[in-house]
Amino acid sequence: MNTATTTADAPKQRTFMQKVRRMARRQPLGAGSAVFILIMLFVALFAEVVAPQDPLDMNFADQLIGPNLTYLLGTDELGRDIFSRIIYGSRTALQIGFISAFVGATLGLVLGVTSAYLGGWFDLIFQRIMDVFMAFPLIIMALAIVSVFGSGTWNVIIAITIPFIPKCARVVRSSALALRDIPYVDAARASGFSHTRIVLVHMVPNVMAPYLIMVTSFVGQAILLEASLSYLGLGVQEPTAAWGLMLRGGAEQFFESAPWVAIFPGLAITLAVFAFNLFGDALRDALDPKLRSM
Amino acid sequence: MQGIRAYAAAVVGVGMMLTTGAAIAETPKYGGHFTYVVPAKGPPSFDAHRETTYAVIHPVRPYYSTLLRVNPQNPADPADFVCDLCVGDVPKGTNDGKTFTFKLHEGVKFHDGTPLTSADVKATFDRIIFPPKGVSSARKSFYKMVESVDTPDASTVVFQLKYASTSFIPALAAPYNFVYSKAKLDVDQRWYEKNILGSGPFVFKEYQPGAFMTGEKNPDYYLKGLPYLDKITAIFANKESIQVQALRGNRASAQFRGFPPKTRDDLVRALGDKATVQETDWNCVLLATPNHTRKPFDDVRVRRALTLAVDRWGGSQYLSKIAIVKTVGGIVYPNHSLAATKEELQQMDGYGADLEASRAKARALLEEAGMDLSKTYIFNNRGVDQPYKIVGVWLIDQWRQIGLKFEQKVQPTGPFYATLRESGDFDVSIDFNCQSIVNPPIDTSKYLSSDVNPANYSRVVDRKLDGLYEDMLLEADPAKQRVKMRAYEKYVLHDQVTQMITLWWRRTTVHRSHFKGWKVSPSHYLGQALDTVWLDPDADK
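Quick mapping for you: the protein sequence lines, in order, are chains A and B.
Last residue of the first sequence: 1555 (the numbering used here), numbering continuous.
Last residue of the second sequence: 828 (the numbering used here), numbering continuous.
Be careful, since some hints might not be right.
Straight-line Cα separation of at most 20 Å, SDA-like style, residue types lysine to any residue; simulated pairs [stated by the list, open to error]:
#, chain 1, residue 1, chain 2, residue 2
1, B, K549, A, E1517
2, B, K608, A, E1513
3, B, K662, A, L1317
4, B, K518, B, L484
5, B, K549, A, T1414
6, B, K526, A, N1320
7, B, K692, B, L660
8, B, K608, A, P1520
9, B, K549, A, L1325
10, B, K409, B, D367
11, B, K549, A, A1523
12, B, K409, B, E393
13, B, K328, A, L1404
14, B, K582, B, R650
15, B, K692, A, L1317
16, B, K828, B, H801
17, B, K608, A, E1309
18, B, K526, A, E1517
19, B, K526, A, L1404
20, B, K511, B, S442
21, B, K396, B, P418
22, B, K526, A, G1327
23, B, K608, A, N1320
24, B, K469, B, F499
25, B, K431, B, D758
26, B, K328, A, S1408
27, B, K692, A, E1513
28, B, K692, A, E1309
29, B, K328, A, E1513
30, B, K828, B, L558
31, B, K608, A, G1327
32, B, K608, A, E1517
33, B, K608, A, S1518
34, B, K409, B, P378
35, B, K526, A, S1518
36, B, K449, B, K828
37, B, K662, A, T1414
Computed footprint of chain A on chain B, listed as stretches where at least three residues anywhere in the stretch have a Cβ under 8 Å from a Cβ of chain A [claimed, not checked]:
#, segment
38, 445-452
39, 486-497
40, 548-556
Simulated from the structure, these hints should not be mistaken for laboratory data.
Backbone N, C-alpha and C define an ideal beta-carbon position, used for all residues, glycine too.
Based on the sequences and whatever the hints tell you, model everything.
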């Protein structure tokens, strides 16, 4: 009887679907953006199936054709299908976005927690180095790095990743500072565990909430940065399908006579960045409402 | 409706200009401040003897004199030269065409007030033809026939040639041959890289790097009555959208390099009869240059496959709508008597009428050569939209049709040239051959072995190639020279495919109709002294 009473009083465990429904009710924008992101992921993964045409195919008889049933979003100056290029462009955007965000945030996580844990001179010097990096706006930093390494997909990933490291390290460090003096960390230290084990096993899992929020917001920023670099001619290069790249050259030249060449890639960038930002906000509210002010 | 009428009026105007070749003669007006756009970030240096770009000619040429120049009233004629610093007609050669004597204008002064004499002209041409150590002369090879430059008196210059050459006078009229002050060169041969001091129609006043360069009328100009303008300003704007907005907003009256046809149409639609269009073939061509030191591009079968895959006739039709390229041709400027006819072109790989047959042959050649089709090769390109990037993307697509994969490496002009000249880190690269005076025997020196002409970036060394060129160059009979030019061309483009010609450029200039007295020429390096141009404010009313 006693047992039965205890079970009845315990909080009800929700299933995954119930949690999803609850989040969708509480965070409709976040849920909507999550659906959009999932669609983007699907489209990027299965671009070969989804895209009606090869994004590289030049149909010279159909240069600068407006949206129609054959070319849903029209064609560019080389007769390439804009819809197919946007679909393949999502692959480029997400590839660069996810890799940069994940690597940048993860390195920032490890460095930020280490800095908080070690403290003292290491923390002081490390944070001043972070200050130097953070003194440059993201795009300026990325531009400087690309001009050193050159353009191309992997160099763009490096250029976007590096500015993310100090941003994440700084946020994570502030959370980790609060953990440093908590008894279980002291206990781990007293048990003779190595610094690496304390940082990775005992501290890092406890700062995952800000880390995940940072990763999500970084993806949006990375997509925007990649588009900016490509627009400036410093990112990925033609004939690769990339949204920023689609905005330069012909899009500028034919904006008046063929506005669809610029409008649709611009819309794709806007929606993708918007979706990741909204999803990041929703995740923040769900995981750690205290971070809302950061 | 009004817009349609304006567009129709402009089109009729353009049509008249294109068909008659000249506007009705008008009386020039004095005065005014002429502003024009230079589609570049700025000149790499001010020294035209070493540079090869319009980014020097367009802003800097108005401050200098040259010995000869293309007739500004008839720049379309590749053989119509007039005296600039010299007086009278262009001299005829004496001593079996081996001696040319030029008399100079009296009382010519540099802008600092010092007199310009034959010593300055000699110092200038000695620097161009026999550059001292450490001085770079981009067109030294144009003057292989020159033995010496002499100055019997202060107003006479005599060129002694080793052998008679029809190429000498055209080479002498190159717009890069700014006459410099001997006194300045004696102190520092590189003084002119960072300073401007000439004797031209305008006096240099100010340069703001990346923004503008400005000058004022030279009151002591030796061609009396010229220039018409009081002031000139060259605005540097690399992006085409900015150039177009400058013209549309009347912040600039001209851009001399040229626009693609679609932009021309947009400008004409927007400006109506306030825009004037002039068009001509252009002595400029984009090349695809394979790196002969890199496998598998050292194999002639692979190079033949590359050229066979390119649909030049189709590309001419489609690319000419969106880019400043149009004419299919060989190594010679298409309108010249030395150029190949369509029938002659069609005898060579890559110019045939049956594209599918050409591509089938290309695939067979690749297979025979054992080409690794899974590999991605590097295509080096220059970070300039018109026409480099458009043609680059098109070429990559053409090669994709025969199973080849190329990754484009687009670089700004500086690193692009460093790759071509120094590192050689490319499999195939875009390159160009843009010349000023139409002078095919000299212009085609571009295709000589790389150790003979370092401007050939393919790194090819082939003495048979050099022999065919020499044979053609020294031939005095035009008919025989044409035959020898064919042999040289066939060797370059068909037998060895040392380099590939893509499409020749088409020059389409749009300027405000109030800008008068300027005529389009087959080169964007010509007609830029600006002494014979003028502004007509009434045209804007």
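Hint-by-hint comparison with the structure:
{"no.": "1", "hint": "B/K549 to A/E1517", "result": "holds (10 Å)"}
{"no.": "2", "hint": "B/K608 to A/E1513", "result": "holds (16 Å)"}
{"no.": "3", "hint": "B/K662 to A/L1317", "result": "holds (18 Å)"}
{"no.": "4", "hint": "B/K518 to B/L484", "result": "holds (17 Å)"}
{"no.": "5", "hint": "B/K549 to A/T1414", "result": "violated (31 Å)"}
{"no.": "6", "hint": "B/K526 to A/N1320", "result": "violated (27 Å)"}
{"no.": "7", "hint": "B/K692 to B/L660", "result": "holds (7 Å)"}
{"no.": "8", "hint": "B/K608 to A/P1520", "result": "holds (17 Å)"}
{"no.": "9", "hint": "B/K549 to A/L1325", "result": "holds (11 Å)"}
{"no.": "10", "hint": "B/K409 to B/D367", "result": "violated (24 Å)"}
{"no.": "11", "hint": "B/K549 to A/A1523", "result": "holds (16 Å)"}
{"no.": "12", "hint": "B/K409 to B/E393", "result": "holds (16 Å)"}
{"no.": "13", "hint": "B/K328 to A/L1404", "result": "holds (18 Å)"}
{"no.": "14", "hint": "B/K582 to B/R650", "result": "holds (18 Å)"}
{"no.": "15", "hint": "B/K692 to A/L1317", "result": "holds (12 Å)"}
{"no.": "16", "hint": "B/K828 to B/H801", "result": "holds (10 Å)"}
{"no.": "17", "hint": "B/K608 to A/E1309", "result": "violated (30 Å)"}
{"no.": "18", "hint": "B/K526 to A/E1517", "result": "holds (16 Å)"}
{"no.": "19", "hint": "B/K526 to A/L1404", "result": "holds (19 Å)"}
{"no.": "20", "hint": "B/K511 to B/S442", "result": "holds (18 Å)"}
{"no.": "21", "hint": "B/K396 to B/P418", "result": "violated (25 Å)"}
{"no.": "22", "hint": "B/K526 to A/G1327", "result": "violated (25 Å)"}
{"no.": "23", "hint": "B/K608 to A/N1320", "result": "holds (14 Å)"}
{"no.": "24", "hint": "B/K469 to B/F499", "result": "violated (28 Å)"}
{"no.": "25", "hint": "B/K431 to B/D758", "result": "holds (14 Å)"}
{"no.": "26", "hint": "B/K328 to A/S1408", "result": "holds (17 Å)"}
{"no.": "27", "hint": "B/K692 to A/E1513", "result": "violated (28 Å)"}
{"no.": "28", "hint": "B/K692 to A/E1309", "result": "holds (18 Å)"}
{"no.": "29", "hint": "B/K328 to A/E1513", "result": "holds (19 Å)"}
{"no.": "30", "hint": "B/K828 to B/L558", "result": "holds (13 Å)"}
{"no.": "31", "hint": "B/K608 to A/G1327", "result": "holds (16 Å)"}
{"no.": "32", "hint": "B/K608 to A/E1517", "result": "holds (16 Å)"}
{"no.": "33", "hint": "B/K608 to A/S1518", "result": "holds (13 Å)"}
{"no.": "34", "hint": "B/K409 to B/P378", "result": "holds (17 Å)"}
{"no.": "35", "hint": "B/K526 to A/S1518", "result": "holds (18 Å)"}
{"no.": "36", "hint": "B/K449 to B/K828", "result": "violated (58 Å)"}
{"no.": "37", "hint": "B/K662 to A/T1414", "result": "holds (17 Å)"}
{"no.": "38", "hint": "445-452", "result": "violated (count 0)"}
{"no.": "39", "hint": "486-497", "result": "violated (count 0)"}
{"no.": "40", "hint": "548-556", "result": "holds (count 4)"}
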